[in-house]
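Engineer: Each chain, letter by letter, is given below.
Protein chains: 2
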Amino acid sequence: MNFNELKKTDLNPFFEPKSIAVIGSFREGGFGGYVVVKSLMEAGFDGKIFPVNPGYQEVLKLKVYPSLSDIAEQVDLALVMINARNVVRIIEECGRNHIGSVVVVADGFAEKDEEGARLQRELVEVARRCDIRIIGPNTAGIVNSVNGLNPCPYDAGYYGFKKGPVSICSQTGMINPQAYAYPDLGFGINKICDLGNKCDVNECDMLEYFENDDSTGVISMYLESISDGTRFLEIARRVSKKKPVLALKVGTTKAGAKASASHTGSLAVDDAVFGAACSQAGLLRIDKFSELFEMPKVFAGQPLPLGNRVGVVSFTGGVGVLAVDEGARHGLVLAEFSAENKKVFKEISEDLGTNPVDLGPLIPTVKDFSVFYSRILKAVLADENVDSLFNVVWADALGKNTSAYLEAYEELKEYARKPVVTWVYGPSSAITSEMAKKIEDFGFPVFREPETCIKAIGLLTRYANGKR
Amino acid sequence: MNFNELKKTDLNPFFEPKSIAVIGSFREGGFGGYVVVKSLMEAGFDGKIFPVNPGYQEVLKLKVYPSLSDIAEQVDLALVMINARNVVRIIEECGRNHIGSVVVVADGFAEKDEEGARLQRELVEVARRCDIRIIGPNTAGIVNSVNGLNPCPYDAGYYGFKKGPVSICSQTGMINPQAYAYPDLGFGINKICDLGNKCDVNECDMLEYFENDDSTGVISMYLESISDGTRFLEIARRVSKKKPVLALKVGTTKAGAKASASHTGSLAVDDAVFGAACSQAGLLRIDKFSELFEMPKVFAGQPLPLGNRVGVVSFTGGVGVLAVDEGARHGLVLAEFSAENKKVFKEISEDLGTNPVDLGPLIPTVKDFSVFYSRILKAVLADENVDSLFNVVWADALGKNTSAYLEAYEELKEYARKPVVTWVYGPSSAITSEMAKKIEDFGFPVFREPETCIKAIGLLTRYANGKR
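Just so you know, the protein sequences line up as chains L and A, in that order.
In this text, residue positions in the first sequence follow the numbering used here: the first is 1, and each later residue adds one.
In this text, residue positions in the second sequence follow the numbering used here: the first is 1, and each later residue adds one.
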C-alpha cells in the first residue's frame, strides 16, 4: 500500500511554518545546523527558529534547546540533519511533540546500501504511525522566498531571493541555493523543493501543492523517476490548464533508466513515450538542465501569444534562417506582414516590409537610429499577422546604439501586448551581459542562445494553445 | 559552367598577403576603411597596408593612395568596401594592377534585389576575365590571427587574437570579431572567413584550403547552402581523416530551406539527409550556433580517446544520470571500473568503486580533501576500462575546495593521457566563471552546460573512431 493513499495531509506547514526546529550540529562552518540558522536569519524568515542539540547552549545569539520537548511552543516544521541511525528516534520525538512535517536532510538511507534501505523503511513506518509527512531523506531541502524560509544546509554565500512566480521541484540538490546562482537569474523564485529519496512526499504531491499555491505561477520540474505515472499525468493534465508546468525528465534512455534507481510503478521512461505523455498531459517538455531555471522566465511576465506567427528583427540575415529552422521544430512559423502594414514599413524605409527584418544593410542610411528602431519594433508588434517578436540586439563595442535600444524597450514596456523575447550578441561578454540585464530589468526575457529564444516562444505558444 | 571548375587558384594570398590594399572611406568612425586600417595596425599585421581613396591624404599616419595604380609595389590582396555600383570598376583596376585576390565587403548584390544580382553576375564575369578570386560580396571579411591580418570593417573593441588551431568559416558575419567575444573563449583562433554571397570562393574551396593549411588543426563550419553537395562531401570525407570538421547546417527544415536563398545544385537540406551525409563523410555535426565556437575547444588540446567508455566524477548523483542519458545519445557508455582498480578505490574510501563517482556523501568523512581528490581523479584516469573523464566541479561559495581543485588540475596536466572535460557549477556565476577560466588555463576544456560536456566527449570519440 502506498503511503500517499493513506495520508493526503496538506503540505502547507513545509512552506509556511510559523516555527521551525533545526536538529543538527551548530559548529561554525560551511555545512550543517549552524548554516541553516544563519541562512534563515539572513533570509529574514518571518517565523520562530528553535535550534535543538543537547551539546550547545547558543548559536548566533539564539538559545539552543536540549530536545524538542523542551520547546514550550508549537513547532510546525522540523529539519533533521543528524546521523541516519538516529533519525528514526527523532521522528518519534517529533510525533510526541505534535510536529507533523519533517524535512530529513540526513543521507545514508536507501541511496546508500541495504542497511540504509532498512532504515528508510523504518523511517516511513514510524512517520506513518505518528501521522508525520516527510520530505527526503537525502535532500538539500526546501525554500520559500516569500516568507524568508531558506534553511539551506550549505552556505551558498547568499540567503535571500528575488521573489517571483517560479517554483522548482526536483530529485536532486542541484536546484538548491548552494548549486545554482539564483541571484544571477533575471527573474524571481517562489519555492524550491528537493524531494531527495522521496520516501513520502513525491512529485505528485508537489505538483498538487503548487497547483493550489496562489503565489506559484510557473512550475519547473526535474524528474528522475515518477512514483505513480497514472496519478502524475492525471494531475499534470489538470494543473497544465491553470499554470505552465515545465518538465525535464532524465533517465529517458535505456542506459539512463538503469542508472537512475527506478522505483516500482515508475512511468515508462522511454524518450518517445515520455514525449507523448507530456503532449497529452499538457506538460511543456524541456531537454537541458539549464532550461529548468532559464525557460520559466518567458512565462513570468510575458503575455500569451494568440498564435504561432513570429516576427523577427535582427542585424543579420543569418539569424533569420536559424530562427525559421528552430521555429519549425517548435511549431512556429515566420509571420507574413499584412499588406496594410507593409505600407507602414515602406514609409520607414523602402527596403523594409519582409520578415525577418534585417536592419544591417539599412543602418548606414539612417539618420536618427533611435526613432527608426523604435518605429520598426512598433510596426512589427502592431502587425495583425504577428503573434510574438524575436528581437536580436547587437551590442557593439562602442555602444553607439545602446541608448536607442534602451529607449525602445522602455517604450515596449508600455505598448507591447505580445510576447517579446530577445537575444543579445556582440564582441564583448561584459557588454552583452550588461545589455541583457538592462533589457530584463524592463521585464523582457533575454536568453543566452538564439535557439533558446525560439524554443521559449514555442513553449509559450504551446501553453497558450493548451489553455484555449 | 561553374567558376570553380575554371579556376582553382591557391587561396594563400587571402590569408598570408605580404601587402593589402584597403579601398573605402577613411572617415573616423565605427565602420569602414578607417576601422580596417586601425584594426590591421592594432592586430600587428606583418605586411604592408595601402589605403586607397582619391579623397584622402593620410589615415592613422599612413599615406592614402589616390588609386591602385599609384602604388608602386606589388599588392597581394585588396579589400573593397565601396558602393556596390563601383565595385566592378575597382575589380577591373585590380586586374590591371595584377591583384589576384579580392575581398568584397560591400553589400547590395544578389542578397538585395534584381539589380544587385545583375551587378554580382557582372562582378563574377569581370573577375573571371581578370583571373581574380573573390571572397564575398556582402561579407564581414577574413581574419588570420597568425600574421595579425584582421581587417574587420566594424570596430570590435579588440583587434588581436589568442593564437590557436581553430579555423571558422561561415556564410554569415556572425562569426566575425564584431559579433563574437573571441577574447572570452578559452582557446585560440587561427582563421576566420565569412563567405558572404560566395560568388566565387565557397565552402568547398575553404575546406580544401584548411585541409592544406598546417596551422589549422580544427575546422568549424556554419553552412546555409552548399554550392556543390557531391564535391563538398568528397572533400569532407578526405579532410575528416586528417582534421576534425565540425558542421552546423541551418536551413534543414522545409521552412528554413525556403528562408535560406537556396542555390542551384544545393545539397538536399532535409535534416535526416544532412545527418546521414555527415556520418558518411565523417563530418561532426553540431546543432547550435554557440557550438560553432565552443565545441572546437575539445579538439584543441585533448588527446583522442581509445574508446567510448566514460568515467564520471561528481558531487551529486543527479548529474550522473543526466550524463548517462546524454552519453547514450552520443554513442558513449558509462565505464565499469576494472576489478583491479576497484581495490585502489576501496583503499581511498570504502564507499568508492562504482561509476559515476559521487563525492558528495564522502566529503564529511575526508580529512585532507586535496590528497583525496587528486587520488580519485588519478584512479579513474588510470583505470583500463576508462577512455575519457567527465569531471564535475562544485565551486562552493566559500571556496574551500578551490586550491584542491587547482592542484589536481595542475597534476592532471602532467599525467592525463585521456581526454578530460569539465563542468563547473555553484552558487555564484562569478566564482564558477573564474574557476572555469583557471581550469582552462591548465589546458582542459570547460563547458557551460553538462550536456555540452558529454556531447563534446561524444564528438571527440566519434572523430577518434573515424581516424582509426
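If you are wondering where the hints come from, they were derived from the structure by calculation, not from laboratory data.
Here the structure is a predicted model, which is why all the values come from computation and not from measurement.
A hint or two may mislead.
Pairs count within a copy or across copies, as identical chains cannot be separated in the list.
To be verified - Straight-line alpha carbon distances no greater than 16 Å define the calculated EDC-like cross-link-like pairs of lysine to aspartate or glutamate that follow:
| hint | residue 1 | residue 2 |
| --- | --- | --- |
| 1 | K112 | D351 |
| 2 | K288 | E449 |
| 3 | K346 | E336 |
| 4 | K342 | E111 |
| 5 | K18 | E350 |
| 6 | K400 | E411 |
| 7 | K258 | E336 |
| 8 | K367 | E350 |
Engineer: Each hint: holds or not?
Structural biologist: These are the hints, each one checked on the structure:
{"no.": "1", "hint": "K112 to D351", "in the structure": "between (66 Å within a copy, 9 Å between copies)"}
{"no.": "2", "hint": "K288 to E449", "in the structure": "both (13 Å within a copy, 8 Å between copies)"}
{"no.": "3", "hint": "K346 to E336", "in the structure": "within (15 Å within a copy, 65 Å between copies)"}
{"no.": "4", "hint": "K342 to E111", "in the structure": "neither (62 Å within a copy, 20 Å between copies)"}
{"no.": "5", "hint": "K18 to E350", "in the structure": "neither (65 Å within a copy, 42 Å between copies)"}
{"no.": "6", "hint": "K400 to E411", "in the structure": "neither (19 Å within a copy, 46 Å between copies)"}
{"no.": "7", "hint": "K258 to E336", "in the structure": "between (48 Å within a copy, 14 Å between copies)"}
{"no.": "8", "hint": "K367 to E350", "in the structure": "within (15 Å within a copy, 72 Å between copies)"}
Consistency note: the structure conflicts with the earlier hints numbered 4, 5 and 6.
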